[in-house]
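With the hints as a guide, dock the two chains, each given alone in a separate frame, to form the complex.
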Amino acid sequence: MKIFLKILLASSLAISASAKEIKLLNVSYDPTRELYTEYNAAFAKYWKAKSGDDVSISQSHGGSGKQAQSVIAGLEADVVTLALSYDIDAISQQAKLLPANWQSRLPNDSTPYTSTIVFLVRKGNPKGIKDWDDLVKKDVSVVVPNPKSSGGARWAYLAAYAYALETYGHDDAKAKDFITKLYKNVPILDSGARGSTITFAQRGIGDVLLAWENEAHLALKEFGDDKFEIVTPPLSILAEPPVAVVDKNAKRHGTTEVATAYLNYLYSDEGQEIAAKNFYRPRNQDIAAKYAANFTQLKLVTVDQEFGGWTKAQATHFADGGVFDQIYQP
Amino acid sequence: MKINQLLIATFVGAQFTVTALAGDATTNSTEAAEIEVLKQEIQKLDQKVSEIETQHQAQQPVADSADKQQIQDLDQKVRILSRERELDQDAAATAAKSAPKITLGSGGFGFSSSDSNFVATIHGLIQVDSRTFSQDNHIQGNDSILLRRARPIITGTVYHDFDFNFTPEFGNGTPGAASAATTPSIYDAYINYHYSPWFQIEAGKFKPPVGLEYLQSDTYTLFNERSLVTDLIPGRDVGFELHGDIVGGVVSYAVGIFNGVGDGQKNTSNIGFQNDREFDGRLFLQPFKATSIAALQNFGFGVGGSWGSSSITNTLDLPNTTGGSNPGFYTDGQQQFFAYRSGIVAANSHWRLSPQAYYYYGPLSLLAEYAISDQQVSTNGLTHSADLQNTAWEISGGWVLTGEDATFNGVTPRHVFDPRNGGWGALQVVARYAELNVDKAAFPLFADPTASASGAQAWSLGLNWYLNKNIRVNASYSHTTFTGGGAASATTAPASVSSHPEDVFFTRVQLSF
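The listed protein sequences derive, respectively, from chains X and S. Per this note's numbering, residue 1 is the first one in the first sequence, and the count goes up by one each step. Per this note's numbering, residue 1 is the first one in the second sequence, and the count goes up by one each step.
No lab work stands behind these hints: they were computed from the structure. Hints may contain errors.
[Unchecked claim] With a straight-line cut-off of 20 Å between C-alpha atoms, the simulated SDA-like cross-links for lysine to any residue are:
no., chain 1, residue 1, chain 2, residue 2
1, X, Lys66, S, Thr94
2, X, Lys123, X, Lys66
3, X, Lys66, S, Ala91
4, X, Lys66, S, Leu87
5, X, Lys137, S, Leu283
Pulled out of the complex, with its shape left as it was, chain S reads as follows (with noise of 0.2 Å):
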């Protein structure tokens, strides 16, 4: 190109000389010769011109056949690894649907099978308490720091309609002596077939269905331990239980048979020791659940229920004997304040009945409970027997400070504990009083009235900091006193107990997920 416009500008430049020449009317001979050669030059110099293009012309399709194929030749590996990606997205799919899924988070771990039949998550549990006793008169209480509970808690579903869990403890989940061993053992251990919301089956070894309190879970209690009521309401026990929701929870049941425990015990061994069974049941309404009364959505009232009927040569039963290291009352502190005579035994019927009722409503919650254990005892050779009715009550509640919801599991703060970021929790203050009566006729043929309380009164009050989902801190302070009792020279449970006020202050730190 810059060639031709030279050429040009030359031809153009050679045109005005030779006008110039052709116009000077006085030229002479010399000048005529000098045209002639200028005319020869630029008839050269355009013949050159024309050459050029013309070459220029024939080089063109040869440069465009080549793009051209070039161009395709990208445009089909554009297309290529296009489609690659494409197959590679369809073959990621498809095997992403035959993969078992994964997942972590507050919840715990979870791993499922792509069609869902197998799914299973592991939860956790870890409770680490300190308990101190103060005013304990020179007797010195059980200061510890305590591993209070220490749990995997692995659940699951089956074939989308069989529950499982299984959970073993490994803390120093049985009350008594600070020498008292810790030996694992399975808290729970069931199967739970769900055909529908009201009618699930349950089998296994879980929480009967008779005390309020207890059936709250572990985790989301208000207090270190449960009041004086759950000394009276059995513990986890093996057998067979038949519940469900009905109208989407506003009507709750549960009857079970079981193999039947004493007050305030757990079935330790997995197998029964009689022949006789024990009936459990509840029945909890929250009437106004499904309705949009918000104030009133989490008032919840029932009665729960136990009966049985004990051998006579069954010693397991009931809390029989002395000494602080068999099953007993049990203060907030988890000292021994009542035992029965060694050799009593359980004989005959057992009943049970716990009315029971709780409120949340923003940050409020109540809990009330009431139970009664009545149960026939007999000393040994069954010279004596009696038929004894315990009693017990408990009123507690809790308010959120930082505002949010309290619900029956738990509070879950809105801003979690961060506090390069302003985020402090959530925190909640708790009380609770609660009382234990002794029937009478049970001193002093089957209890000693120098070693046991004939009524316990307890008042706590306390404080939860909820730093996230998982992770809690509590502390709180308890104060219990005790109607009769043990003299204060006694040295072992139940007597030096009950011969004093339990004073205790507890801290808890708590993860669970």
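Okay, chain X solo, but in the shape it has when bound (with noise of 0.2 Å):
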């Protein structure tokens, strides 16, 4: 017995003396703040157990688009978990640092959860907003971020213009005419998700905010439920916020077994209760059924169905002189 506890506190010891400290940069879109601080802890606690080794998440939060560029400028990122997979493509076409196929690499075209985009308004809804053609009224004050820098906004954006396609029969100039009468209701333009929550909720700006679906619940979370009310829109889009290790970035810190293995662990049901309890739409049916009272049931439509895909939204869309460039004028 006696040799036995000591061969066992000698494994230990040199268990101990061999555990490495590994770090990681998780590059993230804006409002993911919760949802990773919570992720994080869980994975270090998982990787521990496993290898032995201790893991430190950095995280690093901003608008999709804004991130991306400060991966291309060389902010070493060991994975992205970013808003849209354009911005990801980014990263692989501009800075070379993961492969083209990065998105067939992990399930569900590498988004282990997904989200939508609904509206936050003033306690009792004073304006009645129930649809997005309120938000064109003359009256109504739209809060949203700048779809040059967020994804989010990128896909509020898209989901207001999916909306007018799909009333007006697909008529481009009508859906046009009518994303330029929302914009017009738009009085500022944060450069992320998290800064017109701020807008909204905290300096106490416009009739309703165009939110993540997550954002919205954590809104009504940190600032009470008495002073806004989510509505959620009978229409909206399936936002696919995509993840990606990125290889040349783990390849030279020599994270990449880690970062792959911290991506894995999002699709497991640990990560995806994290994922729901954090007001994202998880992957796994199982786990999206028992937290189905967190989201209202409505119908999302697809950037691939509406749009053509992001490539061809974003350059109709979102590049220089696009449709964004010609219909908003600070």
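Structure, rendered in structure tokens:
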């Protein structure tokens, strides 16, 4: 027995002595702070139990487009968890930090959870906002981030545009007119989703915030459901925020294995539960059913269906001189 | 409101009238009819007041609602403006993080990248001198106004640990005849890696670590020209040096390997002409620097030295020709008073030793230095050789009359020159005595005793006026006598110079930043 205990002690000491300290940098989009605070703690615990190594994950948050540009400019992300695939494609094409087929490496096109765009309004919904066409009324002030920098803003823009296409029989001219009227009601453009939440919820500007679903729920939690309420329109867009290992950075840091495991764990039961608890729609149907009360059912259209994919949508609407530049005058 | 008051007054007045009328016991029927009419009038007025009041109350909510909406709209506008300002400030702060920084001040024009990985500063040094020789026995000295130094000095740091300096010289930095052409040249061009204050590696062209007076920056020397001691010290050369300050500068050391230059010379070609190298080193101590003994904190002493070896074909390692246009030993007035005979070459070893010290306390400054230059020389063809040991020493000092502290790096006036506001800068009186003695074994084989002096003795007095940190005006007088030397009838240096004492009056206007 004594010998056994000695061997056990020696092994523990050996393991402790050989336990590595690994650091990861997750460059993410704006509203995922709370999600990854909880998720990172869970993954660190999981990885310690599995490998004996200590992993600490640093986070960087900001508008998805800006974050992608930061990584291209040299921010040494091991993984990126951004708002839309176009931003990760940009990292692949411009900086060659990961292969072009990155999206096929993880299930569901590398999107472990989905989300959508909803309306956050003042308590009592004084302006009676129920659907997208209420946003173009003259007395309604809309808060939404800048689609040039924010992924959430691009989803919101496309959700509104998709509504117009569905409503006006896919008449582009009418849809453009609709979106022009909507952005005429936007008094201020923050660079990211979190900034817009501050503008609406803390600075008291506007009648409605076009928000990520999770962001809307977080606002209720933080500021109280006596101040705001969520209005889910009948139709919105299926937002699929993807995740990817930044291969060259991870290889240089020697963190490829851990970075891959970090993203894989998002698909685990625990990862999916954490997503659901933070108001991201999990891919795991069982967990989605468990948290069904968190999510209102609505018609969700996709970027592929309405706009022919992100590359086309970006080029048409958000590139310099695109539709957004044509319709929005600050 | 005014209408209501009028109506009420009318009503009350009417009531009094009725009361007056009713109290009259003897009212006849005519009066009764009149009273009835008045009653009806009062009733009508009463009804009108009620109607007006009702109308007013009905209009009030509409006005309140409009005002409220206006207030809400204004409130939103104010909030939007406030938030826009907030976002602009955030954007400006973000932009500032990546924007380069530019500074301009008495220390020069500086610019730096936002992450401080690239920092550069442009300094400058301009010295406009005048030299006026007197009592020159009809043999004209080189009276002139000259641009003694004109240097843009570019210094900087790359990635925090790599310093650099690039200093070209466009002034008349080379002593010699008035006709000497000014050739722009590189004075300093080096990179210095500082791992820590005590471990630094320097590579390029810079001052070798030997002479104390020579190591003092050209900006801060007490007199226009350095003393006779510097005639024996190696000038700027190309090489590598390990150096550092230990214990906060209590101990400073430097050891280096250089191409090797002759006494008082600098490497003007930026290349070496011989296989052998020169090793230079210096150790300087300021033992009280870290103590609280203020009177001794700026007392330092040390020793510098060099050792090298010259190939026998090298004619560049010593001042070896006559005629004034080639290197030699120079007076304060920059006139050649000693030169080796034509064809003399440096041969084999050459070592130098320079014990040195300085002391600064309040307005007092003192600097003393002794130099030995021991060099083997040979006649061309190596028929005759000798080991010549030339020596020099100096002591110089100053006193800042206006009370500011004197330092190795100059004087900073408390009150800059601004006569409108009673500021006159700082004033310093300075004095120096120096001697240089040539080894007697140099004569007559290696140097012509009828041309070259075997010794020089120089004393100088001067006044330095520091207008501010950047502008300085000097005036000084220097008297040099010679031992041995040329005939009175000589017309070319060094004979013409060493044939009589040299008296020269200097002035200088200096700009440095």
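Against the structure, the hints come out as follows:
1. Lys66/X <-> Thr94/S: holds, 12 Å
2. Lys123/X <-> Lys66/X: violated, 33 Å
3. Lys66/X <-> Ala91/S: holds, 13 Å
4. Lys66/X <-> Leu87/S: holds, 16 Å
5. Lys137/X <-> Leu283/S: violated, 83 Å
In the structure shown, a violation is registered for the earlier hints numbered 2 and 5, in ascending order.
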